[in-house]
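Protein chains in written order, with this note's numbering: chain X, 1 to 339; chain F, 340 to 983.
One thing to keep in mind: the hints can contain errors.
[Said to hold, decoys possible] Heads up, simulated DSSO-like pairs for lysine-lysine below, C-alpha to C-alpha not over 30 Å straight-line:
no.: 1; chain 1: F; residue 1: Lys551; chain 2: F; residue 2: Lys568
no.: 2; chain 1: X; residue 1: Lys28; chain 2: F; residue 2: Lys823
no.: 3; chain 1: X; residue 1: Lys195; chain 2: F; residue 2: Lys580
Hints were generated in silico from the structure; no laboratory data involved.
All values reported here derive from a predicted model rather than from experimental measurement.
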Amino acid sequence: MIIYVLRRLVTMAVTLLVISMLIFVIIKLPPGDYLTNRLDELRSQGDPASAAKADMLRAQYGLDKPIWYQYATWVGIWPKPSGFSGLLQGDWGQSFEYDVPVSEVVGAALGMTLLINLATVIFIHVVAIPIAIYSATHRNSVGSHVITFLGYIGLATPSFLLALALLFYLNRWFGISIGGMMDPVYADQPMSMAKLGSVLSHLVVPVVVIGLAGTAGMIRRMRANLLDELNKQYTVTAKAKGLPPTRALLKYPFRIALNPFVADIGNILPHIVSGSVLVSLVLSLPTVGPILLQALKVQDQYLAGFILMFVAALTVVGMLIADLALAVLDPRIRLGQHG
Amino acid sequence: MSMLVRLGLSAAVGLCLLALPVRADGPKFIEPPSLAKDVAAGKLEPVAQRLPKTPLVSDMLDRKRTIGRYGGQLRMLAAKARDLRYVTVNGYTRLVTYDENLNLKPDVLEKFDNEGDRVFTFTLREGHRWSDGAPFTTEDFRYYWEDIANNRELSPSGPPDLFIAGGKLPKVEILDARHIRYSWDTPNPRFLPSLALPRPIFIYSPAHYLRKFHARYADPKQLAALVAKKKATSWAALHNKLEDPYEASNVDMPVLDPWYVVTKAPAQRFVFERNPYFHRVDPEGHQLPYIDRVVVDIASAGLFAAKANAGEVDLQARGLSMADVPVLKEGEAGHKYRTLLWPIARGSAFALYPNLTTNDPVWRKLLRDVRFRRALSLGIDRHTLNNALWFGLGIEGNDTVMPESALYQPDFRTAWADFDPERANAMLDDIGLAKRDLSGTRLLPDGRPLEILVEVAGDAADLIDALQITAEFWADIGVELVIKPQDASNLRQRSFAGETVMVASQGLDNALPTALMSPGELALTRQDNFAWPKWGQYFETGGRVGEAPDMPEAKQLMDLYDQWLTSSDLSAKAHAWTEMLRLHAENQWVIGTVAGSIQPVVVAEHLKNVPAKAVFSWEPTAMLGAYHIDEFYFDDQSDQSASQ
């Protein structure tokens with residue numbers, strides 16, 4: 001087992017290294033760099049930005065150096081003028097756009113992102129699991145058909161459209177301010193009950209919107225899994241031996257049906273950070289998603305690079321956790337034993 | 340300070356709170372109540388001592404504005420932290436500014452002397468101070484000139500281009516703490532107007548603040564420590580980063596604007612506080628601005644209209660477009676705001692740029708034929724475009740200046756701009772494009788179909804709509820229009836490289852010029868003009884890249900521009916302008932269609948002194964800047980705080 005984990009860790013490190021190279025190359029692929037983009041943007045908005053300063057700034061930002069140098073100093077395997085300082089040393093680099101260290105830009109946003117996406121994950125499970133069980137155990141009943149129908153609608157509705165509609169009506173009916181994570185008045189105030197309430201009320205729209213599609217998908221998968229298990233012999237036997245229906249359901253078939261969801265942990269972890277980009281943009285939530293999009297648009301390379309690396313790292317770690325958890329939960333799965 | 344004076348002052352402060360004029364010797368100035376506490380506590384001098392000896396007394400009453408009352412916060416929206424610069428633009432505090440009639444007036448300066456556009460003598464206001472209370476003197480101009488503009492490390496390419504006239508830099512003389520003189524051998528008429536731009540050249544910097552970061556003044560050890568602490572690559576990088584009079588990104592940088600930023604990025608809400616040393620007063624002696632605080636919330640641009648509809652802004656123009664008007668109107672009654680509809684001063688809301696310097700030789704020859712460009716112009720039904728896309732509110736015609744401009748002439752708007760497909764067809768036949776293929780599209784001399792690929796920025800939805808309609812009109816004259824939307828920066832790169840045949844964009848930036856403003860936009864001076872990117876390149880790089888202009892009419896533009904540059908006589912300048920505009924109308928270098936589209940401006944109902952009708956433009960009005968946002972006020976503050 002230990003050897004297995006160690007081997008996995010080594011593979012993870014190599015994977016991340018390869019990913020980091022790919023990320024950097026892809027960020028650098030579009031023509032131009034941060035400064036050309038910025039000057040272009042200023043020009044298109046009527047600012048006659050002087051190109052004269054650009055070269056000097058390019059040197060200051062280090063954008064005049066070859067790409068391998070920029071990459072190697074970012075990762076920290078090559079020294080900057082001030083010495084080794086990169087991802088490996090815990091220095092996430094500088095954001096051009098905000099002109100502050102990446103950690104300062106991402107810090108607050110990460111908290112908000114975690115809050116929203118964790119709430120969404122909980123929402124999905126709390127809503128989807130009971131419904132799935134109900135519709136699996138009550139096949140062909142009216143209730144089951146209604147739920148299935150609603151599930152299809154949930155899958156099919158474009159989330160940004162739903163978000164806009166919800167924003168509008170929640171504002172009309174309850175006076176919740178449009179977009180953002182809290183009422184603007186609280187933005188520069190310290191935490192208080194009123195502020196907390198405002199944050200919670202603003203959580204409703206994103207959580208419902210992001211969660212709805214996920215919920216529908218989860219109901220369908222859970223229901224299908226359960227239906228498979230319900231007709232298997234061990235369930236029939238358990239029932240025949242007089243186990244109460246609820247226990248007979250939850251103790252065996254339900255556990256087996258959960259199996260794919262444990263395997264999903266690997267996906268949930270990065271999703272908690274990078275999910276909901278579109279909805280965050282529409283709702284103007286201060287999460288990582290919009291920051292990443294903006295960073296990619298203007299080629300704020302270290303900021304975009306860090307966020308992508310972070311998500312990649314979470315995916316790799318999530319996969320490991322999922323594999324280990326599966327091994328613990330399901331005795332049929334064996335790790336690291338070749339024959 | 341003697342006890343008596345102190346008593347007198349606090350009595351004065353008390354009176355100010357009641358907003359009564361103070362009875363005292365000398366001019367009567369009124370303390371903004373939000374500062375009274377600091378004044379009473381001794382943290383701040385009383386208003387009379389904070390203001391310059393001769394503050395700028397606003398001519399509000401002449402402009403039919405009303406005397407306001409203090410207080411409140413102005414809520415605005417921005418899409419990202421960098422858009423905070425629009426607060427600086429709207430605040431519009433410049434050495435000289437345009438007023439609503441586009442006359443150049445001293446603002447920060449007490450007065451300026453202009454001898455034939457060659458010698459400029461500036462007089463500062465006595466006792467004028469930065470927002471941190473430090474004196475604002477000619478030392479700040481000297482610091483900029485010697486230690487920034489002429490410092491090779493901070494400005495490797497030397498002082499900005501506008502300082503160069505006749506190939507030479509000016510002689511800069513500090514006469515005393517309040518007087519400074521810039522003199523050139525040849526006239527430099529661009530100098531003064533460029534100080535009044537929405538994004539001006541700041542020719543002064545707070546020396547007392549910046550010296551700490553300048554290698555010439557700072558202690559090397561301390562400076563090195565600062566550079567390391569801020570993770571800058573050199574002292575010059577640090578200095579450049581901290582010297583920011585425009586983008587409101589440095590909370591420590593003193594300014595002269597009505598409000599200064601107090602929130603550090605990144606944040607979701609940025610707060611600007613009243614500058615206690617602001618140099619303008621209203622006719623009754625109230626120190627401006629009236630409004631205590633400007634609050635800018637960051638929101639995605641797509642939500643601006645919805646947020647305005649929900650009453651979450653007090654003043655917003657940027658980010659709203661004509662398409663938002665129904666949403667904005669719908670919310671007016673319920674959320675207590677007005678939607679003002681201001682015409683946008685642009686030469687044309689939708690204009691086509693045939694690329695005279697395109698690479699394809701066949702196209703180049705054809706596009707350079709003035710008959711071809713005129714025929715294309717005659718083939719567009721501007722009236723239908725106007726009705727379909729601009730509610731019929733626009734002005735149909737060429738890309739030229741607005742009727743409000745003194746340089747406007749009706750025939751510049753109408754020449755070759757009526758809808759006459761028969762004539763257009765005849766002209767195209769004349770050029771030698773009479774052969775058509777089976778679908779009725781004309782054929783180019785080399786046998787290719789006459790398919791004009793019009794490239795356009797993908798996010799400009801209104802331009803794409805207009806192109807689709809134009810394609811129908813041109814089909815009737817045997818010209819096929821193919822639309823290619825793409826990323827804006829990509830489009831610019833293609834244009835610079837000569838790969839575009841035609842580009843759709845907007846017309847003249849400054850459509851409200853006076854003869855004093857530079858006509859450079861009409862000449863071959865910029866490579867980002869889609870009509871002649873290579874000629875612009877040639878000018879911008881001093882002949883190193885691009886192509887020398889080789890069409891007589893185009894060269895004429897440059898001659899006229901030179902005339903404008905070198906003459907100090909107003910009528911000669913006006914003449915140069917008029918001739919350039921005439922050349923543009925006759926040659927159809929830019930095919931304009933409809934001007935004067937609408938900028939919705941959302942204004943809270945209780946926000947006063949906002950003109951009901953005005954022209955919206957970047958240059959020269961600096962968006963809302965020329966309308967003096969510092970004179971806007973809330974007539975009912977309790978209502979505003981209740982609505983939050």
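Results for each hint:
1. As the CA atoms of Lys551(F) and Lys568(F) are separated by approximately 14 Å, the hinted pair is consistent with the 30 Å bound.
2. Restraint check: the Cα-Cα separation between Lys28(X) and Lys823(F) comes to about 25 Å, which is no more than 30 Å; the hinted pair holds.
3. Distance check on the hinted pair: Lys195(X) and Lys580(F) sit about 34 Å apart at the alpha-carbon level, beyond 30 Å; violated.
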